[in-house]
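Novice: Produce the entire structure from the sequences given, and follow the hints as far as they go.
This is what each chain is made of:
There are 2 protein chains.
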Amino acid sequence: MMTLLEGYIGIDTLTEQIRKKELKQGFEFNVMVVGTSGLGKSTLIDTLFKSKISRRVVNKEEYTCPKTVEIKSISHVIEEKGIRLKLTVTDTPGFGDHINNDNCWIPVTKYINEQYEKFLNEEISIKRSKRIPDTRVHCCIYFIAPTGHSLRPIDIEAMKRLVKVVNVIPVIAKADSLTIEERERFKRVIQDELKQHDIQVFPNVEHEDTDEDEAQENELLRSKMPFAVVGATNSYTVGGKTVLGRKTNFGLIEVENEKHCEFALLRNMIIRTHLQDLKDVTAQVHYESYRQRHLETIKNNPNHNSDGTVIDMVTPTPSPVGSFRSQKSSSSRSSPLASANSTPKMSNHNQANNNALSAQRKLQDQNANPVSQAKVKAAMLMQKNGGPRHVAESKI
Amino acid sequence: MMTLLEGYIGIDTLTEQIRKKELKQGFEFNVMVVGTSGLGKSTLIDTLFKSKISRRVVNKEEYTCPKTVEIKSISHVIEEKGIRLKLTVTDTPGFGDHINNDNCWIPVTKYINEQYEKFLNEEISIKRSKRIPDTRVHCCIYFIAPTGHSLRPIDIEAMKRLVKVVNVIPVIAKADSLTIEERERFKRVIQDELKQHDIQVFPNVEHEDTDEDEAQENELLRSKMPFAVVGATNSYTVGGKTVLGRKTNFGLIEVENEKHCEFALLRNMIIRTHLQDLKDVTAQVHYESYRQRHLETIKNNPNHNSDGTVIDMVTPTPSPVGSFRSQKSSSSRSSPLASANSTPKMSNHNQANNNALSAQRKLQDQNANPVSQAKVKAAMLMQKNGGPRHVAESKI
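These protein sequence lines map, in sequence, to chains S and P. Quick note on our numbering: the first sequence kicks off at 1 and runs consecutively. Quick note on our numbering: the second sequence kicks off at 1 and runs consecutively.
In short, the hints are calculated from the structure, not lab data. One thing to keep in mind: the hints can contain errors.
The list makes no distinction among identical chains, and a pair is therefore deemed to hold if it is satisfied within one copy or across any two copies.
In silico DMTMM-like cross-links for lysine to aspartate or glutamate, where the CA-CA straight-line distance does not exceed 20 Å [said to hold, decoys possible]: (1) LYS195 - ASP12; (2) LYS299 - GLU123; (3) LYS21 - ASP213; (4) LYS299 - ASP198; (5) LYS299 - GLU258; (6) LYS299 - ASP46; (7) LYS67 - GLU79; (8) LYS259 - ASP12; (9) LYS127 - GLU182; (10) LYS224 - GLU256; (11) LYS81 - GLU16; (12) LYS24 - GLU258; (13) LYS50 - GLU212; (14) LYS24 - ASP209; (15) LYS130 - GLU296; (16) LYS21 - ASP280; (17) LYS195 - GLU219; (18) LYS67 - ASP102; (19) LYS299 - GLU184; (20) LYS224 - ASP198; (21) LYS21 - GLU208.
Specialist: What follows is the structure, given as structure tokens:
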């Protein structure tokens, strides 16, 4: 029940107080692109953010496919109407490009999990930064080749793993090679296949709040996914207006024209409506799920620990959806307003607390910290696969 | 350096995306009032929030001073222009009201530290709520009697302890009993005394960001503190306008008129300009300082632990200012933009991490969890002082 106010006091200034602090602080957003080479990943990122974001192969003729899957990140600061965003794009060159692509998703999920691990290590250290730098991947755009037939086995196997650890947004790449009819048919086939393999892409119905409007909006988005997109960084003039597009002998495809392709739908979702949601789901579902698995693995398998971290990454683990559900039902107090009836009272969290402490103690007992475990396993993977390399650049 | 955009992409929608989520979630704010009885604490809170917030003594004649210091909380949900705030007011009846007031601040600092402890226990548990309920005290309004002479020893001793654990905002209570000249003289005396005893009230210059405008604004506020306030919940009509005030035979004091008293300055600071800052400093300075002391005490004094928690509360501990300073200088990357140059790279946080783990392990080794430690000590205090009781009510 609301307590009535007898006049204006000014709590409506609160969101502006927060906004002011946010603007000063700036934002961060980390996006990853996954898909075989030649699907226009770099062009799409440049089109999304209307700037030269991606690393470019200077001379196309010199381009050689990396011998293994690499993880390459690049950061930019972009600004629009006073809002600064540190954008980090992580590319995965070599993914799916080889004769044998067994386990080619491992370096990808490994990188994603390493970011959670870094965050967790910061979070549990005694002296913490005022704000933990967030390198967690908020969004993974998965590029599907416009075959018009069906998903390839590698798409299914890779996405199965990816959706457990990150928000996956699949797109039909280079959609200008499909007619509208082919596109719609292909889309239905992919939707069926995703359902069949229980691959829950973003926005995941299980992660939604109970907001009716939001649920409807997301349902509509899901019915149109995966978006059939075309990227372009060249401009043309059409009827006096400048448009981004791709021009061929038989016509001009305007990438931001919703009649031509679904790029605008993707851009609106990632940037204009769901950017903060991508970050929140990453923090509240995927990171929490990693943290919980990580601590529980250590707690339950004290003698089995040197593999603990990596089991999470290689074997499909219990879906974060499940754990999120139980979390959701047990935390009706997640809203401060829901708990307005329960007044401050010492509650007893000893059980959960002890579990965490005991898990962390075991971690300590074995003198095995998560980072070095990951390093050991990384070395093992290198021997097997030729080795993932993480190369990072900055254009700032 | 900024990367240039070649057109509008829409990241300026981000603050609105966040605002939308905040409005759905609602806000929480916890304020505490400390001071001897009869200084108008309840009236001031009701004036600040323009509603019947405080627990009222139904029949003034039946009122008896509690035998010891009690801690009483009450929660309300208030709303203004769509912004809902769960407000919890914690009162400390009995503080300073006895013949012997030795250590009367202990139940107060103990309550404040218990809220940090609850938060810490939630934060380190394996299964966490999506959002940890925040019962931490964001603001402690300390009521100084309008003697016109100087601070009393109890004010100095209590505030010395309080500023170590919470944002303290001192006010000169019932300022209508002082003339403007007396008020200004009294204020200068108090400012000198606070300085002399190194009592750093909110807004603490050490906790400020480097923002020039903000620093100037805070400097101005500090020069006017402690605000000389008058509370009132009755309305009168002055020149056709309805004003909150106190009417006596010789005149009407309008509490929101800055020429009459400084209530408006206090209200603007707590609600309209610094509410979020009070919350941020609580989380980033006081809570972090508690967490660090707590983990370090356990790490450094493994055989001394059953006293560890309480040492923090009774003995003036190393100032949070110091630890915040070092944190500040070591975390230039607290802004995501500052770290734009350093690309994601596995950094080694093992040292800090191991320290935290080792401290938590020791905590576990002794099979002593912080909550039960606090309970043991609470029992000890009860024997000594007659016992703090925490009584909570809700008006929702």
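Novice: The structure should be examined with respect to each hint, and the outcome stated for every one.
Specialist: Status of each hint after checking the structure:
no. : hint            : in the structure
1   : LYS195 - ASP12  : neither (44 Å within a copy, 35 Å between copies)
2   : LYS299 - GLU123 : both (19 Å within a copy, 17 Å between copies)
3   : LYS21 - ASP213  : between (29 Å within a copy, 13 Å between copies)
4   : LYS299 - ASP198 : neither (29 Å within a copy, 46 Å between copies)
5   : LYS299 - GLU258 : neither (51 Å within a copy, 61 Å between copies)
6   : LYS299 - ASP46  : neither (44 Å within a copy, 50 Å between copies)
7   : LYS67 - GLU79   : neither (36 Å within a copy, 60 Å between copies)
8   : LYS259 - ASP12  : neither (41 Å within a copy, 25 Å between copies)
9   : LYS127 - GLU182 : neither (56 Å within a copy, 46 Å between copies)
10  : LYS224 - GLU256 : within (16 Å within a copy, 56 Å between copies)
11  : LYS81 - GLU16   : both (16 Å within a copy, 13 Å between copies)
12  : LYS24 - GLU258  : neither (35 Å within a copy, 31 Å between copies)
13  : LYS50 - GLU212  : neither (33 Å within a copy, 33 Å between copies)
14  : LYS24 - ASP209  : between (29 Å within a copy, 10 Å between copies)
15  : LYS130 - GLU296 : between (27 Å within a copy, 18 Å between copies)
16  : LYS21 - ASP280  : both (19 Å within a copy, 10 Å between copies)
17  : LYS195 - GLU219 : within (14 Å within a copy, 60 Å between copies)
18  : LYS67 - ASP102  : within (14 Å within a copy, 74 Å between copies)
19  : LYS299 - GLU184 : neither (48 Å within a copy, 62 Å between copies)
20  : LYS224 - ASP198 : within (18 Å within a copy, 63 Å between copies)
21  : LYS21 - GLU208  : between (27 Å within a copy, 12 Å between copies)
Checked against the numbered hints above, the structure breaks hints 1, 4, 5, 6, 7, 8, 9, 12, 13 and 19 and satisfies the rest.
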